[in-house]
Each structure stands twice: as structure tokens, then as C-alpha cells.
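Asker: Join these two chains into a complex; the hints should help.
These protein sequences, in sequence, are chains F and W. Just so we're aligned, residue 1 is where the first sequence starts under the working numbering, counting upward by one. Just so we're aligned, residue 1001 is where the second sequence starts under the working numbering, counting upward by one.
Note that these hints are calculated values from the structure, not bench results. Accuracy of the hints is not assured; some may be wrong.
As the list claims (entries may be wrong) - In silico BS3-like links for lysine-lysine, alpha-carbon gap of 30 Å or less:
(1) W:Lys1102 - F:Lys86
(2) F:Lys17 - W:Lys1242
(3) F:Lys17 - W:Lys1216
(4) W:Lys1105 - F:Lys86
(5) W:Lys1216 - F:Lys14
(6) F:Lys28 - F:Lys17
(7) W:Lys1227 - F:Lys14
(8) W:Lys1102 - F:Lys101
(9) W:Lys1242 - W:Lys1216
(10) F:Lys101 - F:Lys86
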Amino acid sequence: MKVLTLNFLTCAVKTCKSSTDSFPLHPKDAELAHDDIEINPELLANVLPRIDWTALRTTSTELGFPELPAQPPSVEELEADEALLKELHSLLLETQMMEGKLVCGCCGHEYAVREGIANFLLPSHLV
Amino acid sequence: MLPTPDTSHVPYTRVYEPAEDSFLLLDTLSAPSETAFLSSRFGGASSSRTAPLIVEVGPGSGVVIAFLTAHAQTILGTRHVLACGVDVNRFACAATVGTATKAIKEAGGSAGAGWFLDAVQGDLVTPLRAGVVDVLVFNPPYVPTDELPRVPVPVESEPAMTTFEEESQLLALSYAGGRDGMETTDRLLAALPTALSARGCAYVLLCAQNRPDEVKERMRAMGGGWKAETVGTSGKHAGWEKLQIIRIWRAIRDA
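The shape of chain W in the complex, shown without the other chains (with noise of 0.2 Å):
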């Protein structure tokens, strides 16, 4: 099994704290299935040499995207990778460089992780250039609660001392999914077919009360040859499963 990134420095008053939900993601990216996905993408058997960009969307402590770094040999055929976080949390920004440079230096550096370039304080993929993420990472806030957070603005000052309001204003937004758990993930989605390149592929978490089957029927139904399928599944409970990951790609056109 792989290291666990060490998230010892993060601070849990301000960003998620990896919990069940983290921990699929890193048991699901690193399972032989989906490394031999990935590897047949993006790795040394597959034709192209150009270096995959990896994206995670709301990294939070970062333990996700510092994990997919620090092993990308193993799980993505290939050390050549480049990868960044996008966060709403400035605090979740810092955390995210921090996991990530500790994860790739006790790798060694040498020994197959990849290029961790940033974390950019942004609201899902708007920061980026269409159709450059070759492998996009989200676990959302997926809880259903009857009001979203709203998206902080941008503090032309230093921000005054964080008070309790504002910490649970940030711990909100990453769990706080507003209508059906769906309203962040939704535009999200929305967002893929732009932000995703040709070779591009998502992972994303859901839960039972986000409707799962739902969501990869509508993925399905958009057209351009989209699939969608579960490919993990955790926490049981009354024989459906609690959280599940769905991973969201299209076939590579032969050039």
C-alpha cells in the first residue's frame, strides 16, 4: 500500500480535515484498476510524451493531490506529470503546497513522483485555460443543506483576525452542498466538457443523496461520447453505498 501523505501541519480550525471521503479517493486512485486506466493513458505505453496536468479541485489539506504526486509512477505510468490544486481557501491553498512538497520529498524525489507546480485561491476550474486538465480530481461538498455558502471575494487588505464565524464560514464550504448536495458539483460538472483536454478524464466523490445513478445518466446524455461509471465504493449502509466515485472520460480518437 502507498503512504499517506502527512497532513500533521494543517490547520484543522480553517480546512478540511482528510476523513472517510479522502481516504476512497486515495484507496480508488491507487487500486489496480484505475492505475491501469491512467497508466494506459498517460504512461510510458501510451504514444504520447507530453506531460499530463492533474488538477484538484477543492484540495483542502491537500492529501489527495499530494498522494497522486508523490506516486504518479505507480498510479499514472508516468513521473512526468504536472499538477495543481484550484481551492476557495486561502488557508486550504497553503496547506495543499505544504502536503505536497513534504509527500514528493519523502518519495524521493528521484523515485517517481511527479512536478507539483501550485495552488491557485480560485472558484472550481474559472482560473484555467480550456481543455488543458488531463486528470481532474473533486470531492465536493456533497452534504445537502438547505443554504450554499457563499463564494468568499477576493480582500484587497489583509484580512482582519479570523474569527470563529469566519472559520466555520470556510469549513462550510467544503461540505455544504445546498440543494440535493448538488449545487457546487453541478457546475462542476457543467464545467468539464470545456476545462477536460481530448485525453481528459474526472474523478468525482458523490454520495447517496446526490443521486449517483442519476448524475452519470445525465454525463451520459450530453453527448460527444461522454461515459460515466462508479469505480469506487465505500461505507455500506442498508445495502446501498454511502459515498461512491465516479469516474467521467471519453474515448481517445485515434490521431
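Excised from the complex, chain F in its bound form (with noise of 0.2 Å):
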């Protein structure tokens, strides 16, 4: 599962929808590996206005990579700023979280990671 993706996740108990603390699940264990894909600024630039920048920060910071600026950058910011461009594009399209847990911060239920497939089911009592 990338990291682009863990941006568009919630936790999916119904109660914890309202709950600032679903978003974003916290990785635990995680297992990762790193595709090599060609760079395509342009989509990033297009990818950049839908991201939840704070929430990406945390996954970020709670997978082990370095600290995402505090703001996130303009699109002209973004597009004249090489490193941050392959900064972006590894962590966001390259990285891949292959096994591990996702653990919602409101009831702390943790769904589990197999084979890059997150499985987002519910035990019946949580339904």
C-alpha cells in the first residue's frame, strides 16, 4: 500500500468517522519496500492541492522518514524545487507498506497489512 493512498484512509468504524483522531491510522510494524517509478512532476503538482499535509507529516515522521516542512509548498514552490519533487514522489508513489498494522487513534483497532493489501473488515461487534 502506498503512502498516497494511507492520505485517502479512515478508520471504518461508523463512530470514529467524527472523530478527528481516525485520520491518519498510524502504521505499526510496518514492513517497507520501495518501487523504483519514473518521476512525473506534473502529476504531483496535481497530486499536491488534495493532500492532507498535516496528516501526511505524521505518517511520514511515524514511518521513519525526515520531518515534511511544517507548510506544504506552492505548486510553483513545488515545481522549481527539485529535491523536494524526488523527496515527494518516493514517499508519496515509491514507498510501499507490504505487511504491518494500521491503528485508528479514537478506538485503537488495528487493521492489518498482508502482502501490500490492507484489509479494512470489521469484526462483527464493530460493524
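Answerer: In C-alpha cells:
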């Protein structure tokens, strides 16, 4: 599972949806893999406006990556900054979480990630 | 005509095989009316430079989401799209990743394909944040059945050898729709206003027994400016369409 995908996911438990603690989910015991993908600056510029930057910073730090700037760059800043483009490309699209868990900060439920596929099905008592 | 993604690697004992309904979705989404609609909302001519997120719920083999992603430039008017699938069936998730990866490669990366992110195992849109979906596609379990198969529960340990019963259960989840064939679709329709972004739209396949006219009326009556129209049909039987695809959307408000 890609780090960019994590930016769109939240706890599947209904009562957690209204809590800010349910996003982002927190990786635990994460085994990461790295895919080499050709960089696409134009795509990144199009993706930037729809990223929740605060959540991405949290995820990035929790996965052991260097801290991202507190404020997101503007599209113009991103396009002019090759190092930042490479860093975001590597983090968002090339980094894969293959194994581990995603933990909800609200209810504490742990979603398993196996072979790169996260399982958000809930046990019957949480549906 | 745009090429149909290769699904020869998909295990059809556990995953729904592309059929008339899948192909109706491919034909409808690539028809001039829909490429014009989608391009005006998300393509180069639209004012926004924000990559749309396309989500297929229940992608099965992945043939539809792979098609949309591989031909993003032609269908959505931009190749800067992100795509995801959510399926209750773990084998379908793996199949979808495989189908999308192959289709994008075959379309020749730089030629207009979008980005396939992931397939996630889950129930409808429950794993997604509110308001992130720009295009939602759903080919539901629409066949009226006496019983609705249970959504599987997560298995902590490695699942045991898949038995014939388990495989039947997985396939039943792909077609058995319970009362009027609408029990699962009704849950998805109820979640749409929360799941879709302000510019979001949905394509939902229905069969005649689902009473599509009533479904459309119900969506329009929700308030909030929702519109619903039939945008694709197939298999006329006794003068009425067996399958149809409805598009559900709102006018984009001026910023």
C-alpha cells in the first residue's frame, strides 16, 4: 500500500468518522518496500492540492522518514524544487507498506496489511 | 475502440469474471456523452488542477478500473488521475492490482494512462475519508435473492485452504443482492453524498428488477441538487432494458 493511499483512508468504524483521531491511521510494525517509478512532476503538482499535508507529515514521521516542512509548498515552489519533488515522489508513490498494521487513534482498532493489501473489514461487534 | 484490459491471470473460481455488465460499463464510460461529461469536469479545459480520485467499489477482476486508469487521457481528459479499488474479496483486490498494472503498462505509461494506487479490502466506501471520491463506479451484486451473503470478517491468521463453499460464498457476494437485488446498492447510495467530493459523480449499474426509475427518483428527491439519469443500456428484453447504468451527480458550484 502506497503512502499516498493512506492519505485517503480512515477508520471504518462508523462512530470514529466524526473524530479527528481516526485520521490518519498510524502504521505499526510496518515493513516497507521501495518501487522504482519514473518521476512525474506534473502529476505531483496535480496531487499536491488534494493532500492533507498535516496527516502526511504525521505518516512520514511515523514511518521513519525525515520531517516534512510544516507548511505544504505551493505548486510553483514544488515545481521549482527538484529535491522536494524527488522526496515527495519517493514518499508518496514509491514507498509501499507491505506488512504491518494500521491503528485507529480513536478506537484503537488495528487493521492488518498483508502482501501490500490493507484489510478494512470489521469484526461483527464493530460493524 | 479502446482495448479491453487483459484479465487472463484472474482466478475465476474466486473472482467474478467480466461479463455483459462489466462490458456495458466499459462501453458507457468510453461513449462520447460520458467522456465529454467527465472531461468537462476533470480534464484540461476544467479550471481545476487537482488530480481526480477514481474509486471502483467491488472491482472484482479489475477490468473496469484498469480500463479507466489506462485510458484516463481519452476518458477524463487528463492523465493526472489517481485510482483505487475497494473490494470485500481479498482475491479480487490482488486481481485488480494485477489487471491495472498490466493495462497501464500496455497503454504505454506516457501515452495517457493515470496512476493506479491500491486495492483495499473493505465494505463499500467505509475505509475512505469523507468527500475524497471524484468518480465512483459500482457494478453491484444486483440479482434479487432470498438471502444476502454475509460480508466476510477479517481473519487474523492465514486463511485455511479455500474450500468450495468459501469460493461459492465469494462469488455469491459479487452477484447476490438480497431483496429486489438492492440491499447492497441501497447502502452504497445512502453513503454517496458523504463519500463524493463537491465535483464528485457516480456510475451505478442496475438491472430491471432493481426498479431503476424508482432509484433515480429517490436520488433526485434527496435534496442538495442531486441529479440522476440513465446514461447506458443493454440487452433489451420485451421492450425494456435488462441492464442500465445511471449517473448520479450535482452541478459544480462556482467558486
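Asker: Under the constraints set out in the numbered hints, which ones does this structure not fulfil?
Answerer: Hint 2 alone not satisfied by this model.
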